[in-house]
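There are 2 protein chains.
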Amino acid sequence: MAKDKKLVEQITAMDEDFAKWYTDICKKADLIDYSSVKGCMIIRPYGYAIWENIQKILDARFKELGHENIYMPLFIPESLLQREKDHVAGFAPEVAWVTHGGSERLTERMCVRPTSETLFCEHYANIINSYRDLPKLYNQWCNVVRWEKTTRPFLRSREFLWQEGHTMHATAEEARAETVQMLEVYASFHEQELAIPVVKGCKTPSDKFAGAEDTYAIEALMHDGKSLQAATSHYFGDGFARAFDITYTDRENKLVHPFQTSWGCTTRMIGGIIMTHGDDRGLVLPPAVAPIQVIIVPIAQHKEGVLEHATALRDRLAAAGIRVKMDDSDQSPGWKFAEYEMKGVPLRIELGPRDIEQGQCVAVTRHNGEKSFVSLEGIADTAKELLEAVRIGMYEKALANRERRTYVCHTLDEVTAALEANGDGFIKGMWCGEEACEDETKAKTGVGSRCVPLVQENLGEVCMCCGKPAKKMVLWAKAY
Amino acid sequence: MAKDKKLVEQITAMDEDFAKWYTDICKKADLIDYSSVKGCMIIRPYGYAIWENIQKILDARFKELGHENIYMPLFIPESLLQREKDHVAGFAPEVAWVTHGGSERLTERMCVRPTSETLFCEHYANIINSYRDLPKLYNQWCNVVRWEKTTRPFLRSREFLWQEGHTMHATAEEARAETVQMLEVYASFHEQELAIPVVKGCKTPSDKFAGAEDTYAIEALMHDGKSLQAATSHYFGDGFARAFDITYTDRENKLVHPFQTSWGCTTRMIGGIIMTHGDDRGLVLPPAVAPIQVIIVPIAQHKEGVLEHATALRDRLAAAGIRVKMDDSDQSPGWKFAEYEMKGVPLRIELGPRDIEQGQCVAVTRHNGEKSFVSLEGIADTAKELLEAVRIGMYEKALANRERRTYVCHTLDEVTAALEANGDGFIKGMWCGEEACEDETKAKTGVGSRCVPLVQENLGEVCMCCGKPAKKMVLWAKAY
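Protein chains in written order, with the numbering used here: chain A, 318 to 797; chain B, 318 to 797.
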């Protein structure tokens, strides 16, 4: 084995130091690298290929639902950012400011977009005149910047990649339906394609997006028992439309304001994949977004016919539309096993002289390490079935972890006891609706309100914090 | 016809005011809009869909050739930009500077990337160690910012979208071959997919990319006789590798520097499409990148069966992989004809009651207005053949225009005479190799050296400017 090739290095064990385990995977699976640009990350080809697969699936879904892509400027003049008061209050403290173009000071400084509601509103004011111009269903794939103090790859980075949908509708009902529809798109993408179970819910008023009437989100439980907000969908009513003077002539020839939504998901989802499915041997990727779905490792590859058969096998799988790679490098099979386990390739196929003789190969699924002998006849169909089984198996494993770590609590003492006994997780508990109780719960137990789940359960009559009559069941957790 | 729907408005005639004609098309064909962000443009859905089609074709071609996509940070710290002296001299005067994050002044200001050589080099220094790590063939699709004084949609905008390939190779020969290969990719994309004839050449030393040893470019002649630099490909030698201390251990176990290229094309190509193919009725799009390839206009659509047949026709074309739209809005056929001519849809199909009776439809190609009766039997194949004929026809038309406007000149007086007699165009003329003659030619005739064509012709023995022995044939023109 060549000395200058990297060996597959050990990563920190999850249970020893989850944060270090996470960054080890980001680096060792070649997802990211750091640079001299503090707080930003380089998304390396293997990581970016995951993002491209995510984009492809979501973009097609958005377009099926009638959305069109558009591209808005990177910059927002300060006066434009200030047009909607709640919005500027929420974002101004965390934007990057451009003050000079070349050697000249700008007459008005501009921020690098942290989100583009203001630009979309300005444009909508230009192009919306009549009810015939509605709805407008726009989406943008781009980079945004938020000047975070503490950063972590994918989870919280000063620059990140995302899509932001911005839509305008004739009626509040239609805009509300869009908000919920896009939440459903995100939820089904997570559950079906990413094999990540999510809870759909509405944020409490203290946790809404700056300027929104309602913020919906999906929350996913990570392996360490903390929650990740995986995507959000906002209903704005006509607040921004009023601030930006967007009006249209309705069917009765009256001048009225349209109703607005926005919705987004980011490269953060890659962090969610890592922390939901990863293990001590590295990344575990859901087949739908894995850059390599099947890795073929030839065994005793110097023996006659092995590489020819392995190549033919690769070509058959590729022809069936599977993203497949055959590694015929001079590393040992053991090295290759470890390398592609680190990279989270969902299915490994081993093919050696004896397998070829017997018309079979060995298939090993990454998420559970299960090994099976599989006939080479109909191998493309079998591989597809295995990948589908992997998807279901990964989802069930993640769901079982979430269920094991979901605790129903009626008092803050029960919350503390549950977390101490079983570790971090989701708390289901009733809430009176007061922000003071959210604050007190956070201060006393460490968990914050993540969302008011759309599917409510009645766990009792009183708020688990103050004991007064409860209004809603809330999902509580520590969060990323 | 509804009163509040926009009528198709007249645009300025090309011959009257080419610049105004150009911006009229950008606006009236719904390609762009302006915003309060000066010098930047909103790329509207119809314009962005052209860019998506361009991306799809080029991205697939880059990947076939072994390139991988990556994502680098948006910002470059000032000290990093300064590492390569020629590079910083070229770009510093035109970058946007970020000086504050939130309310805090940064300890070191950062520019918004005008191009990413410096970031790639820093990364390559981290990840390249051995000859086994080479070549590295990376590409990035992103936005960049250059603080231009005068801006025009697509052609020169403070922010634009592009791809930038950055590659590292073990040998100079391999890097040179990559540089030329990528120039060929751009050239064939322009000629085949965009139907734009181009001249491949090398920039003269005065016109090289900041920090490059050689800059190759493709130049296309626009309808008004000015040249557009449509894409560039640079060979860097090991200059940046030395400045950034990038080394690898070669097969003889010696520590050496790798050799580098970069290459890019931008949203500017959309400007090239407009100015090569457009006419007084609007945009004319090459089929490969047209968001709508075929528009079906039902005639007398209130009559029984017309809309059903038009819908069935649309479904047949869509099933054959054609990007097709059927417009059954309540606008008149004449309005629709003008609207989709403005939008440059390559092929229009009209279908009325009499056509249906006779099992035919009317096909009109946008670039030449030719009308033909076509059988509905095998219509999908016929439509594809027509689109292919459009592609060839558009290319030939553009080539004829270029040939009509290409003048061979032996003296500066001949240059002036040719431009006066025939209007702006390409000048082929011999050059001694001195920058002074480039400057004098520009000052006296208005044309600058665009490139030294790869395919050389010997037009004479002396420089058309100074009369001294000539070294190369140069392509001269006014330029965008």
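FYI, nobody ran anything at the bench for these hints, they're computed from the structure.
Honestly, I wouldn't trust all of these hints.
Because identical chains cannot be distinguished in the list, a pair is counted as satisfied if it fits within a single copy or across any two copies.
Think about it this way: if two alpha-carbon atoms lie no more than 25 Å apart in a straight line, the pair counts; the simulated DSS-like pairs of lysine-lysine are [to be verified]:
| no. | residue 1 | residue 2 |
| --- | --- | --- |
| 1 | LYS525 | LYS543 |
| 2 | LYS373 | LYS642 |
| 3 | LYS642 | LYS453 |
| 4 | LYS517 | LYS620 |
| 5 | LYS380 | LYS761 |
Checked hints:
1. LYS525 - LYS543: For LYS525 and LYS543, the Cα distance is within 25 Å only inside one copy (20 Å; across copies 53 Å).
2. LYS373 - LYS642: Answer is both: 20 Å inside a copy and 23 Å across each meet the 25 Å cutoff.
3. LYS642 - LYS453: So LYS642 and LYS453 pass the 25 Å test across copies only (18 Å; inside, 42 Å).
4. LYS517 - LYS620: Answer is neither; intra-copy 54 Å and inter-copy 49 Å both fail.
5. LYS380 - LYS761: Neither: 46 Å inside a chain and 54 Å across chains, both beyond 25 Å.
The structure fails to meet hints 4, 5 from the earlier list, while all remaining hints are met.
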